[in-house]
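**Q** These are the residues of each chain, in order.
Protein chains: 2
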Amino acid sequence: MLTLFPLLALLQAAPAAAAPLPTDPIAADWHAIPDDQILVMTLADNRIVVIRLAARFTPAHAANIRKLALAHWWDGTAVYRVQENWVTQWGGQPGDTADDPANKPLPAGVAAKVTPEFTIPGFAPSQRLGKADAYSTASGYTTDGWPIATDGAAAWLPHCYSMVGVARDSDPASGSGSELFTPIGQSARRLDRNYTVVGRVVEGMQYLSALPRSGAPMGMYKASDSIPIVSVRLASDMPAAVRPHFEYRATDNPRFAAVIAAREHPKPPTVGGGAAVCDIMPGVRRAGAR
Amino acid sequence: MLTLFPLLALLQAAPAAAAPLPTDPIAADWHAIPDDQILVMTLADNRIVVIRLAARFTPAHAANIRKLALAHWWDGTAVYRVQENWVTQWGGQPGDTADDPANKPLPAGVAAKVTPEFTIPGFAPSQRLGKADAYSTASGYTTDGWPIATDGAAAWLPHCYSMVGVARDSDPASGSGSELFTPIGQSARRLDRNYTVVGRVVEGMQYLSALPRSGAPMGMYKASDSIPIVSVRLASDMPAAVRPHFEYRATDNPRFAAVIAAREHPKPPTVGGGAAVCDIMPGVRRAGAR
Numbered sequence: 001m002l003t004l005f006p007l008l009a010l011l012q013a014a015p016a017a018a019a020p021l022p023t024d025p026i027a028a029d030w031h032a033i034p035d036d037q038i039l040v041m042t043l044a045d046n047r048i049v050v051i052r053l054a055a056r057f058t059p060a061h062a063a064n065i066r067k068l069a070l071a072h073w074w075d076g077t078a079v080y081r082v083q084e085n086w087v088t089q090w091g092g093q094p095g096d097t098a099d100d101p102a103n104k105p106l107p108a109g110v111a112a113k114v115t116p117e118f119t120i121p122g123f124a125p126s127q128r129l130g131k132a133d134a135y136s137t138a139s140g141y142t143t144d145g146w147p148i149a150t151d152g153a154a155a156w157l158p159h160c161y162s163m164v165g166v167a168r169d170s171d172p173a174s175g176s177g178s179e180l181f182t183p184i185g186q187s188a189r190r191l192d193r194n195y196t197v198v199g200r201v202v203e204g205m206q207y208l209s210a211l212p213r214s215g216a217p218m219g220m221y222k223a224s225d226s227i228p229i230v231s232v233r234l235a236s237d238m239p240a241a242v243r244p245h246f247e248y249r250a251t252d253n254p255r256f257a258a259v260i261a262a263r264e265h266p267k268p269p270t271v272g273g274g275a276a277v278c279d280i281m282p283g284v285r286r287a288g289a290r
Numbered sequence: 001m002l003t004l005f006p007l008l009a010l011l012q013a014a015p016a017a018a019a020p021l022p023t024d025p026i027a028a029d030w031h032a033i034p035d036d037q038i039l040v041m042t043l044a045d046n047r048i049v050v051i052r053l054a055a056r057f058t059p060a061h062a063a064n065i066r067k068l069a070l071a072h073w074w075d076g077t078a079v080y081r082v083q084e085n086w087v088t089q090w091g092g093q094p095g096d097t098a099d100d101p102a103n104k105p106l107p108a109g110v111a112a113k114v115t116p117e118f119t120i121p122g123f124a125p126s127q128r129l130g131k132a133d134a135y136s137t138a139s140g141y142t143t144d145g146w147p148i149a150t151d152g153a154a155a156w157l158p159h160c161y162s163m164v165g166v167a168r169d170s171d172p173a174s175g176s177g178s179e180l181f182t183p184i185g186q187s188a189r190r191l192d193r194n195y196t197v198v199g200r201v202v203e204g205m206q207y208l209s210a211l212p213r214s215g216a217p218m219g220m221y222k223a224s225d226s227i228p229i230v231s232v233r234l235a236s237d238m239p240a241a242v243r244p245h246f247e248y249r250a251t252d253n254p255r256f257a258a259v260i261a262a263r264e265h266p267k268p269p270t271v272g273g274g275a276a277v278c279d280i281m282p283g284v285r286r287a288g289a290r
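Line by line, the protein sequences give chains A and B.
Each residue of the first sequence is one higher than the one before, counting from 1 in my numbering.
Each residue of the second sequence is one higher than the one before, counting from 1 in my numbering.
Bear in mind the hints are in silico, worked out from the structure with no lab data behind them.
Hints are supplied without guarantee of correctness; some may be wrong.
No copy is singled out in the list; a pair is fine if it fits within one copy or between any two copies.
[To be verified] Here are the simulated lysine to aspartate or glutamate pairs, EDC-like style, with alpha carbons at most 16 Å apart:
1) LYS267 with ASP171
2) LYS67 with ASP24
3) LYS131 with ASP151
4) LYS104 with ASP75
5) LYS222 with GLU247
Being a predicted model, the structure only gives us computed values, none of them experimental.
Next comes chain A alone, as it looks inside the complex:
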């Protein structure tokens, strides 16, 4: 039998245990995320999933999503799709169709279709990876901890594992943000610039990634298998006593550059030479009271 712990340490922290990590607790590099950019989704059995909204890059979708949360619109909807090596999707009910009069109507003031925010014109990463990938000419991280890819003209949030995308109809302009998905396997980067990425699951991803896969077409759950959504709240709308706060790891500093360098060029005997944007996700963590 192998010694498991050195093995496991290598598997987890490769290149090397002492290398700098995206979550290193360097006080100067952690900054508050505004409470109105934190969405708290509570699933049945008190499974809590926290989403950070990319409000700076997708303001129209963030506005719609905030209205849906403030109206408590998601309460009573469900996680209704879990497709192996693809996505978990929520915010509707199994079997809903556009023509079904039983579908839950959107609240007054919430747009049924939001103009896509697929890309951010003129934006560039503040920290760059050393190598391009197949989906962009360069990639890296924003100052405030988002992974980002670019073609030189525009930038976009990539569909990494745990990023949150806006589900839509075949019309690219048909998403509202009421139904959302997250990649649960191999990253879904072929969706980049075709779907609006509005956020990232920053806590409780395991409650979306470890759900039973559905064998039905597209991974749709039967109604009896779907996971009830008890509530979705904007943290800023929660009572102060129970409101969670979160912080992001800033990337525009030499400490985060060292995190990237350690991954791209690990210490021998570990072999490296590059890293992909989705493989180095800047840390996001719970913070104390404010």
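Following the hints, complete the assembly by docking chain B onto the known chain A.
**A** Okay, now just chain B, sitting in the frame of chain A:
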């Protein structure tokens, strides 16, 4: 509420529903996988996981693994580690250490350490992707349906989601194949050329990917949470009446080149421009009696 089905079709089959797919049932392109390259792992509750062995590329590890299967060595071991967005690992027991006299001894004739088969010198992909990625100078597929990456001098099987790697101690030459892992989230390509990839889960991946994540260090399960392995058998060692057969999709033909091209350059309005090797996995399927 959105029309879900067009949405879902696009999310699954992007770029377009009519584009050629890695699993298209073109009779001439499907070929038998030898039964002695198929490993059938039965977990508790009759959850069956099928692994295709990369015996051509990792002959020393495949020989060891065949001996372990023929000796029924894995029967009574467990899936003992499930770490969120990293790996599921099996073939031991929670808490095992190298010094524990209670560890299960390997059968006679099975090497406790196998010389690493991290790379395949002089080998090149038979179908190439249009763009490099951060982990290799080129990548693509072998004639017989394996994803493969290269630095120009040697090639290797990449740590895509669902590929099977050999767990090891901190010594790179310390793996035996008795303990195996598979990436269950973002692909684990930083392990490329550092761990030996011996196969791919070709059926039942959902029984490894949807297991509850452990919050313990490295995702180690408590003994009471571990998933018993009922049996692991080489298909060629199973009675003919119950022995499964599998086929792979050949890639050295214009039909598979078209699959790649459709992913790299999807039809408008879908935006593309490239694809990564782990995102186009050649089909593997069950076949009829032989």
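**Q** Provide an ascending list of the numbers of those earlier hints which the structure does not satisfy.
**A** 2, 5
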